[in-house]
Amino acid sequence: MATIYIDHKAYEVTPGKNVLETCLTLGFDLPYFCWHPAMGSVGACRQCAIKLFKDEEDTKGRLVMSCMETVKDNMYLSIEDPSARAFRTQVIEWLMTNHPHDCAVCDEGGSCHLQDMTVMTGHNYRRFQFPKRSYKNQYLGPFINHEMNRCIQCYRCVRFYKDYAGGKDLDVFAAHNHVYFGRAADGTLESEFSGNLAEVCPTGVFTDKSLKSHYTRKWDMTMAPSICQHCSLGCNIIAGERYGELRQITNRYNGAVNGYFICDRGRFGYEFVNSINRIQQPLVRAHIPEPADKDSLYRQLAIILTKHRTIGIASPRASLEANFALRQLVGKENFYQGVSETEAQLMRNILLTLNAGHTHSPSLKETEAADVVFILGEDLTNSAPMLALAVRQAIRKVPFEKAAQISIPTWHDAALRELAQEEKGELFIAYPTKTKLDELAGKPLHLSPDEIARLGYAVAAYLNTNSPAPEGLSKHSLKLARHIADSLKKAKNSLIICGTSLFNEAIINAATNIAMALSGEEKKANLSFIVPECNSMGLAMMDAPSLTYAMEALENRDIDTVIVLENDLYRRGGKKEIDLLLEQRKNLVVLDHLHHETSNKASILIPVATFAEAEGTIVNNEGRAQRFFQVFSPKNENFRESWSWLDEFRQFQNGISPEELQEPGNLLAGMVRLMPQFKGVDTLSPAADFRISGQKIPREPHRYSGRTAMLANINVSEPKPPEDHHSALSFTMEGYKGMPPAPLIPFFWAPGWNSVQSVNKYQTEVGGSLRGGDPGERLFSEIRSAERRYQNHIPPTFIPSAGEWLILPLPHIFGSEELSIYSPGINERSPKPYIAINRKDAKNLNAVENDLVQLRIQDQSYFLPVRIMEELPEGLAGIPYQIPGLTGISWPAKGILTKGNT
Amino acid sequence: MLSTDEIRRIDHEIALVPVRKAASIEALKIVQHHRGWISDESLQAIAAHLGMSAEELDSVATFYNLIFRKPVGRNIILLCDSISCYVMGYEQIYTHLQALLHIKFGETTPDDRFTLLPNPCLGSCDHAPVLMINQDTYRDLTTEKLQEILKEYK
Amino acid sequence: MERPLTQHINFNRSSLNLKDYQSVGGYQAVEKALTSMAPGDITKMVIEADLKGRGGAGFSTGTKWSFVPMNTLGQTKYLIANADEMEPGTFKDRMLLEGNPHQLIEGMIVAAYAIQANISYVFLRWAYKKAAWLIKHAIEEAYTAGYLGKNILGSGFNLEMHLHTGIGRYMCGEETALLNALEGKRATPRTKPPFPQVSGLFGKPTIVNNVETLCNIPHIVNHGADWFKDLSPGSDAGTKIYGISGRVNKPGLWELPMGTTVRELLETHAGGMKKGVSFRAVLPGGASTDFLVEEHLDVKMDYKSIAAAGSRLGTGTMIVLDDQTCPVGFIHNLEHFFAQESCGWCTPCREGLPWTEKILLSIENGTGRPEDLELLEMHTKHLGPGNTFCALAPGAMEPLQSGLKYFRADFEKHIKEKKCPWR
Ligand SMILES: Cc1cc2nc3c(=O)[nH]c(=O)nc-3n(C[C@H](O)[C@H](O)[C@H](O)COP(=O)(O)O)c2cc1C
Ligand code: SF4
Ligand code: FES
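Chains as they are written, first to last, in numbering that gives the first Met the number 0: chain A, 0 to 901; chain B, 0 to 153; chain C, 0 to 422.
Simulated from the structure, these hints should not be mistaken for laboratory data. Hints may be right or wrong, so weigh each one.
Pair by pair, the computed Cβ-Cβ distance ranges are [claimed, not checked]:
1. B/S2 x C/K417: 54 to 62 Å
2. C/Q323 x B/L149: 25 to 33 Å
3. C/A307 x B/E151: 32 to 40 Å
4. A/R481 x C/T71: 29 to 37 Å
5. B/S2 x C/R422: 47 to 55 Å
6. C/E30 x B/Q97: 51 to 59 Å
7. B/K153 x C/K380: 50 to 58 Å
Think of the CB as a built atom: it goes at the ideal place given N, C-alpha and C, for glycine as much as any other residue.
Excised from the complex, chain A in its bound form:
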C-alpha cells in the first residue's frame, strides 16, 4: 500500500495504478473524458488535470494529468487547487466552443457524460463568439446513429472500435480542429461490438439507433438488472421499458463477466419482446384456433393434463424456474430436455469434465489474463462474441511484461501499444473456415471437424504421453501439433476453448485431453466450453433425457399430452422426425412468447412472458448461475412467467389449491433440495422481503417523469403501480435511493453522474468487482473428484466422400439465434441463405460463385447460391446455422449437392 495526500488528507491506496482511477475509487468527483477504465489512459483530453507537489513543503506544484501519473508512496496532490480547477473549467469551455448545445433534442441528454462533466467543472457562460464548425453525418447502418457536430474529440470511439475491438472501418480523419470520426464512406459499421460506441462516446455522437425508434430518456425508463438471452456467455445487461415496450438494452457492469461491454446481438436483439408476432392470448385449437378465456382454458387443461400420460419437453432458453416447474408438473420420469440427442450427449460430456474438476472453467474476465490460447472448432465472434473480445485482450497483454521492465504501467495504453507494436501472445485457431480472430492467430488452421479433433489429440499426446495419440497424422500436422504443445507448455496461463458449434464430440474430447494434460497439481489449465444457448448449461445439469427419448416414450408408452416449454422443436432436429413426434400425440400444449412452427401445431397455446416480463435464473457456459429480474409488468395479463402458469397447472393433476402456489424463491429452494448440484441458485439475490431502511429498490430513477400523465388519455385517475411480490425491486420511483446490493442494481446513477460512467461509484475499485461482490454463483466446485482419465475416441482421418458432403453449421452472430432475429436491425444484418464450398469442389460441381446448387439433406431440399470459401477443406459444405429457412435439420448432417434445379 502507498500513502498519498490529497488536499492535505492522507489515503491508503494501491501503488502502481493511475492517480485518476485512484481518486475515483476514493470517491472524488474528478472529471475525465479520454480515459476509460477498460481502455486505459492516453492523456489526450486534459480534463483530469490536478496539482502534483514535490513534497509537503512545495506550495506551487505543477499541473499534471491525473490519468497519466502513477500512484507512488508519499505523493502530495490537490484536486481543489484553484489553478487546477480553473484549468479543468477551461478545458470544458474549449470543448464547448464547437459543441452544438442541442441537449434538448439529443439522445444522450440526461445520461450524458459531457453534461455531467460540464456541470461538475462549473463552466456555464459562453465566451466563444465565433461560428461553430459543423460536419456532415454518416449513415452507419441499422444500429448506430451518427451526429458528428456533438463530438468533443476524445478519441474514445476509435480507441474502442479499432484498438480494443479490432474493428477496421471506423477511424479518425484530418487534423487540427477538423478531426472527424467516422467511416471512409457511408455504410454499415462492420464490428460486432459497434453498439458499445453508444456507451463509450461521452456525448451524443454515436447513439443507439434502435432506441431512437421509441425514444425515451434514461430517467424516464423503468429498468431492471437482467441477463442477455442470446448466447451462452450470460452477459449482464440493464433493460429499460416505457409504455409497456422494451426500449433499450445497455451494459450492466459485472467485474467477472462482461465488464464494460456487450455485443451487438445482446444490445440490439431485444425487439422480439415488442414483436407483433407475440402470442397474445391462450388459444384452444379444435379445428380453428379459438381464443380462450381462463375458464375454458382451465377446463380444457383439466381434461388433458392427466398424470402419467403427460410428458414435458423443456428448453435451453427457458429459465431454471420454468424448466423446474415443468419437471414438477409432469414428474421427473416424464421430463425431457428439449434438445437433440447429439446436443444432449455433448452437454453430458461437458458436464462430466466440468464436474471432474481437473480443469478450470474461466470467467470472461479470467480469459483476458490468458497468454496462449488454442481455439478448437469455434468461430467465437459468431458463437460467443464477448469471448472473442476477451481473447483479443488476452493476446494483446502478453508484451506487457516487457513494458513492466521499462516501467510502463498496464493502464498506459498509448505507450503499451507503441512498445508492443504488432507483438502479441500466441493464438491458435483450428476451424474449417476463416474467422475474424484469424488475424491475430499465427497461422489459422482450416480443418474439417474430425481433423481438428485429431490435431487436438496430437497436441494432448505431446503434452502427456498418457493421452492417446492419433494415427496417420501427416508430418506437417505432427510438427504443428508439437509447436502448439510447446507454446502451451511454456504458457503461464494457457486457455483452451472449444464448444458444441460443430456438433463434434471428438473435438470436445480432444480439447479436454489437452487441458487435462496441461493441468498441474497446483495450477489447472483453463478450459472454456461454448454451449448452444443461454441456459443450455442449466438445462443439462437437470440431467433429463433428450428428445430422442421423448419420441421413444411417445411410441412405446400411453402418452396423450405433450407440453412444450418455450421451444421451437423444429430447431432441434430434422423436420421429418419432429413432424412425427408432434403427430404422435393427442394434445400438444405449447407455452411460448412467439409464434413458430411448433406453436402453430399446438392444440393449446399459452402465451408467456419474455425475459423482460419475467424473473428467472440461468446458468452460463462457465457454470455461473445468474438471475434476471422482471423489467416491467406487462399490460397483457396473459404474459405470465412460464413457471407461474406451470405451477398453477399442478392443481389439475395434484388437486392442490391455487393458494399453495410456489414463489420463485421456493421453486429454486425446492430445486436445490432435489438436485443438489444447483446449490446456491436460491440465494443469488436478496429475497423478496429484502428491504433497506424498510424500503424496496426502485426500478425507476427518482427523476422519472409523467407518471400521472402517461395514461391520462385513457383514464385521468392514475392507476396503482403494479406490485412486485417476487423480488425486492419495486415498479416505482419510490424506494431506497442509495446503493442497492449488486444483484439488484437496476441502473447506474450517482449524484452528479447521470451517465453510465457512474458505474465507478458502484465498484470496490475502478474496474474491480461491484460492491458486495459481483453477482452470480459458480455451480462447479472444481474439486478434483474423479481420477484423471483421458478420452480415447479418436476419429479416423476425414476422407471426403464422393457425392456426400459433410454439412457444416456456420454460426452467424446476426441470424443464427432464434429471438434476436426479430429485431429489424439484426434481421437486416443476417446473411441470406448460401452454401459455402471450396473452389475445387465448386469446380467439380461445375458451379461458380452465386450459382444455385441443390442441397439434399435429410429428405429436405434447399436451393442455395454458392459462396466460394477458398480455405474450406474439401468435402465440406457450410450453410448458415439456423437462419430463417434453414431450420429443421438434424445436426451433424450430411448432404448431397447438385448443380442447378434438377
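Got chain A; can you put chains B and C with the ligands on it based on the hints?
Frame of chain A; chains B and C with the ligands shown alone:
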C-alpha cells in the same frame, strides 16, 4: 488498380520496414507521384496492397498536408504564407496571383493548369517571399517576376 | 574565428561530394570513433563537450544518448536525424543539408555507433527537394565507400541509412510525432515517459537529433571536448548557426560562437534594418519564442542569457518585426500557422489555438472587443508547458504572451479605432 511500376516501388518500401503498414506514407507518395492525387479508388487499392482498411489509410492520408484527396491541376503552386514571407509581403504576391490566374487558395484553374495552395514556411526565410511550383523553389519574389515564372509551366 | 560546421560550405560552388569532403578531412571522425573508441567513450566525450541539442529544446546531447540501454546485444536500435525544419523563420538546417550532406552522414554514423544503433533515418522535410537529391546521392556514396553497410571499416559495426521525406506537417518535427510518421501513422505526439531512448521507433530504443546537433559530432570527435568548449567565449559550448529574416539589409545565416549578441547579429551580420523601417522587436529563435525588444539588443544569444531576458534560444534563427509591420497581424500570422498545424490530439491545443487565431483576426480586422485581450491572456496562461500534450501549443503562446506585454498599446488601438492602424 495499381500499376506494376507502382507496386514494384511500394514493395521496395515495404521491404524496408518491419510491418507492411509502415510503408503507408511512402505508398501514398508513390501513387500520388504517378497520378497527381489519391482518388478513393487509388486509396482502396493501396490499402488492399498494404493489408489495411480504407479507413486506416485515409486516416493517415487526410492527416498530412500534401496528400491530395481531391484532383489537382498539372502544376501545384505552394505559396509560403508564414511569418517571414508575411513580413516581406506574400499578401501582394497572393493578390497578384489571384489576378493572373483567377483562382484563390484551394482552387484549380478551369484548364487544370494550376492549383494554388497556401503553405507553411518553405525554409527560405532569408529570401522571402517564396513560392514553390512542383519541384522548383522561387525566392525573393516580386510581382513582376511572377508572370515570367508561371510561363514555364504548361 | 573557427566555423567548423560551415567552413567548407560555399553556395557559389556546388555541394561537397564524397571526394571533396574527404579531402578536407571528412570521415576521419568515423575512422577514429569506429576503430579506436568505445561507444561509451564517445557519449562521454559529447557530454564533456557540453553539446546541447540544436533542435530547439537545448537538452544535453550526450546525456540523452546515455539513456539508451546498452547491454542489448542484437537488439534493433535507431538513430534519426531530424531534418524536418518547418518552424516558421527557421532555415538553418537547409544550409547544412544542401551545403555538406556528408558532414551530417558522418555525424550520424558516429552517433549511431555511440548508441549502437544499426538503422538510421534522415527524416527530411518534403520541401527540401534539392537536399533530398543530395542526401540520397551522398548516402549512396557513403555505402560505396564502406562508411555505411555491413562491418564498417572492419570494425564489425553495421549501419543502414535511409532517407524519408515527410508529407507536410509541422508536428512531424516533434520527435515522438516524427516516430509515428516514420511508422506510417498519423504524426500525433507520444507521451514521455517512456522516452524514445527506451521505447521509440517500432517500440525500439531510438535517438532523434537535430541536423545541426549531429553535424557537430564529427568535429567534437576529431578535436576533443575542450576544443569545442573553447569555440565559444560564453557559457555555452561550440558555435551556432544564427539566422535573420525580415526587413534587414542582408538576411542570411552565419556560424558564430555561441553567445554572439543580438545587436552584433542584427547590425554587423545582417547589415541593420532596411531603409525606411526601424527595429521594433525580434523573435530570437523561430516562431515559438518570446519577443525581445530594443532593450534586449545586447543580450547574448545563448541558452541562459536569452532565458534571463524572457525568451528562448530556440533554433537561433531570428525574425525581425519592424515598425511598418502590424504586430497584431504578425502575431495573427503565427497563430494561424500554429492552429493549422495542431495535430488535433489534445483539447487545449486543438480548440485553444483556433480561438486565439480568430480573436487576433477580429482585432486585426477592427471587430475586436476589450475583453478579447483577457481571453488571449487566458489562453497564454492555460496553454502553457505541461498543460498540453506536447510543446507545440506552449511554443505558440510565447510570441503571443510577449506580444501582449510589449505591444499592448497596439492591440488596444486596434480595438478602440476599430481598424488596423497599419492598413
Ligand atoms: C512542434 C514541434 C516541432 C519541432 N520541429 C522540429 C524540427 O523541425 N527540427 C528539429 O530538429 N526539432 C524539432 N523539434 C524539437 C524536437 O522535438 C526534438 O527536441 C529535437 O529534434 C531533438 O534534437 P536535439 O536534441 O538535437 O535538439 C520540434 C518540437 C516541437 C514541439
Ligand atoms: S465521437 Fe464521441 S467518442 Fe469519438 S472523439 Fe467524438 S466525443 Fe469522443
Ligand atoms: S482523462 Fe486524463 S487526459 Fe483525458
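To see whether the hints hold, each was checked on the structure:
Distance hint check: the CB atoms of B/S2 and C/K417 are about 58 Å apart, consistent with the given range 54 to 62 Å. Between C/Q323 and B/L149 the beta carbon distance is about 29 Å. The supplied range of 25 to 33 Å therefore holds. Checking the proposed 32 to 40 Å range against C/A307 and B/E151 shows it is violated: the Cβ atoms sit about 50 Å from each other. Hint check: A/R481 to C/T71, Cβ distance near 31 Å, so the stated range 29 to 37 Å holds.
At about 52 Å, the CB distance of B/S2 to C/R422 agrees with the hint of 47 to 55 Å. As the Cβ distance of C/E30 to B/Q97 is approximately 56 Å, the hint placing it in 51 to 59 Å holds. Checked against the hint of 50 to 58 Å, the C-beta distance between B/K153 and C/K380 comes to roughly 53 Å, which is consistent with it.
This entry does not satisfy hint 3, going by the numbered hints stated previously; all others are met.
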